[in-house]
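With chain E fixed as given, assemble chain X onto it according to the hints.
There are 2 protein chains.
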Amino acid sequence: MLTLDRRHVTDFLNAETRGALAPRVRDAHRTLLNASGAGGSETVWRTMLLDPNDALLADLAQTAAEIRERADVLLCIGIGGSYLGAQAVIDALTPTLLKPDGPEILFAGHHLSPRYHTELFKYLDGKSVYVNVISKSGSTLEPSLAFRFARQFVEERFDDPGRRIIVTTGPEGGLLNPLRDANGYRKYVIPDGVGGRFSVLTPVGLLPIAAAGIDIRSLFYGAVDLARTLNAPDAEHAALDYAADRYLFHETGYKTELMAVMEPRLKGIGAWWQQLFGESEGKQHRGLFPSVAQYTTDLHSLGQYVQQGQRTLVELFLRVEGTQGPVVSELADNTDQLNYLAGKSYAAINEVAYEATAEAHAEGDVPNWTLTLGHLDAQTIGAVLYFFEHAVSVSGYLLDVNPFNQPGVENYKQKMFSRLGRPD
Amino acid sequence: MLTLDRRHVTDFLNAETRGALAPRVRDAHRTLLNASGAGGSETVWRTMLLDPNDALLADLAQTAAEIRERADVLLCIGIGGSYLGAQAVIDALTPTLLKPDGPEILFAGHHLSPRYHTELFKYLDGKSVYVNVISKSGSTLEPSLAFRFARQFVEERFDDPGRRIIVTTGPEGGLLNPLRDANGYRKYVIPDGVGGRFSVLTPVGLLPIAAAGIDIRSLFYGAVDLARTLNAPDAEHAALDYAADRYLFHETGYKTELMAVMEPRLKGIGAWWQQLFGESEGKQHRGLFPSVAQYTTDLHSLGQYVQQGQRTLVELFLRVEGTQGPVVSELADNTDQLNYLAGKSYAAINEVAYEATAEAHAEGDVPNWTLTLGHLDAQTIGAVLYFFEHAVSVSGYLLDVNPFNQPGVENYKQKMFSRLGRPD
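Just so you know, the sequences run in chain order E and X.
Here the first sequence is numbered in our numbering, starting from 1 and rising by one per residue.
Here the second sequence is numbered in our numbering, starting from 1 and rising by one per residue.
The set of hints was computed from the structure by calculation and includes no laboratory data.
Any given hint might turn out to be false.
Because identical chains cannot be distinguished in the list, a pair is counted as satisfied if it fits within a single copy or across any two copies.
DSS-like cross-link-like pairs, simulated, lysine-lysine; straight-line CA separation at most 25 Å [claimed, not checked]:
1) K415 / K122
2) K122 / K344
3) K187 / K127
4) K127 / K267
5) K413 / K122
6) K99 / K187
Here chain E stands alone, though its shape is the one from the complex (with noise of 0.2 Å):
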């Protein structure tokens, strides 16, 4: 389902010092698996794969199938990891121009732009509207703001506000649960020892994902597979090559990985891997900074900084197989000169562009990886989430940092709290 192909790393990296490094690999990754590291407390993401609550699958599908019967739009309500792993989820999985069937899945909450919120309530106006606040605490800035504008639509407009609002949120505590006790509303629950970044198959993203009319069992089942699989204290696996290897990348002086989506479909995963490994790596003045860029629009772009800029950086390729696309035919006048492609689909077009860019890089010094997807679904999907996953856990422990916290992001909070006058 999911390959490695580290051809174009290999030569960048000392094999003697490379191969050295298993003993510390294998001990990361079994510090993951026994959850006795540096916020080992914040693996039950991993933990929850090994016991699949299919109960719960079952009535989120349910609610879903209810959004998706009454529903114009869902409006999904959060920031970070409560928004990242649905958007990029239903972006790989759902068409980009063609209106699927079904609700259209909004966000708002996400940022605080004023032009986007005024737009957001003319849109849903006169539209059938439900609403879904994601928020473990219920007082980050963004999401409270827009659900309290949400609300007011909601309870203007409807006479069922009670059951168009459904809140994800923590187990109790937060603001979210007094509002949600005061007024009805449906909750799922996000459990504790999951951070925002790993929560994506956990109701913040399940309920956004099944409301766009994605199998969410077979995508929770791709990543059980893939955590089963890791499960083992001498398991070796692709992710454990692909943290190894950026962490000797990471010592040897590399400043920055670039992912570069093959499939603009992917783009959305790009933005979720990014918060995974920066909010999980950026710490202590280490980390490799995560960039994300889409091949090959940005070949016409980043290209010529990727082949001849300063040597600092790794590349990751994400390329997916399974849908030809148009084929070329000949046409008699070949005033185009493009009938030597006549017979080839755009797959075949896009793969060889691929191939021949990796090579490309590598020999201007930019050693990649390619991560292969064999088919764009639900359940590839899921492997590649727990994939990175995993890999980030093991390559934060390798750099000596907790991967489950994030304590920079306090810094502007406090601030922007402190002038905005919020009392404590």
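Frame of chain E, contents of chain X only:
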């Protein structure tokens, strides 16, 4: 219209070194003005602004009016500089959710996705389609391939394909000129001496932008005004300060420049800037790696890294004034504890988030500038475009590279065409 705040920059630069740079900055600026440096013949993007072609602007506006009247979709076929500028300006100046009057502006041939191009032609079926194909040579793989399919689509469905297809290409030569001659397509010229990434204010960008209902005269003259201001050998201007600062950061070991837009509609400007700086500077193993974030969204993803990761980042905030957005009201039920914000608008809250972030990142040793747009309108965006075009030319000359070529883009292309079996 545009102001650059260097408050969080100056502490990170040695004042003496920075002061001593002034004569070199002036030289680089004059080299651009005199077209006497590397790639000097490729600076017509500047001189054309000093001698505005009003007749061309009027002609483009007239064609755009026809497209707006007759088309459901304008399909723009181009890649890199042939689409990033149009997309940036259109995203900045048109609504995100509310369908504007006039045709939908779609892009094609900006990548090789089999899924997108399959969907695209299904989506276009039954709609009134105009096509604008944009390519200097006509031989770039992605757009030439998409244009082959788009031509077939238009020829099969409409009895006036010659009217519906508009070619934007070089004055002569290439592959699109013969196609145009044979089929009677309308044509706009990409002037010699204007590289792709500097072409947004030629018909390359202006026709799609006008078709989106944007006042291209205001846009163009926003750039003209700034080009005239900067067309003085002794000019002192924020664009030169920005170029000089970032050069010094580069020389002292910074690796990455992160543009953080405070308004999601500006994300396309970020993508355009990324090409402009990446392709202009990223050569001879030099240049800052350009990356783009959208705040406050990405404060909950990249924010941790920016605050506490490897200290090789500089940051450029792009913020915009002029729209207040929804205003928080006092609620009797303050369960969400947001009444302390009563009377504040989204814009005011976003502004505080920005100020807090700029200060927190500076305290975390990330130098940062802020470029403020007084309004989100065509004239201001025109100025933004010229600001960066002038700045990158100067910073390129400071780096001692030719800012106007992109030799590294050929590496993967040669391998790709060879593997695809393209005849010479």
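Status of the hints after comparison with the structure:
Taking the closest pair of Cα atoms, K415 and K122 never come within 25 Å of each other, the shortest separation being 32 Å inside a single copy and 50 Å across copies. For the identical chains of this complex, K122 and K344 are inter-copy neighbours only, at 20 Å across copies versus 46 Å inside a copy, given an alpha-carbon limit of 25 Å. For a Cα distance limit of 25 Å, the shortest separation of K187 from K127 inside one copy, 23 Å, qualifies, whereas the shortest one across copies, 43 Å, does not. Proximity of K127 and K267 under a CA criterion of 25 Å is satisfied in neither setting, with 29 Å inside one chain copy and 28 Å between copies.
Taking identical chains as interchangeable, the C-alpha atoms of K413 and K122 are never at most 25 Å apart, the minima being 30 Å within one chain and 46 Å between chains. In the homo-oligomer, the alpha carbons of K99 and K187 never lie at most 25 Å apart, since the shortest distance is 29 Å inside one protomer and 34 Å across protomers.
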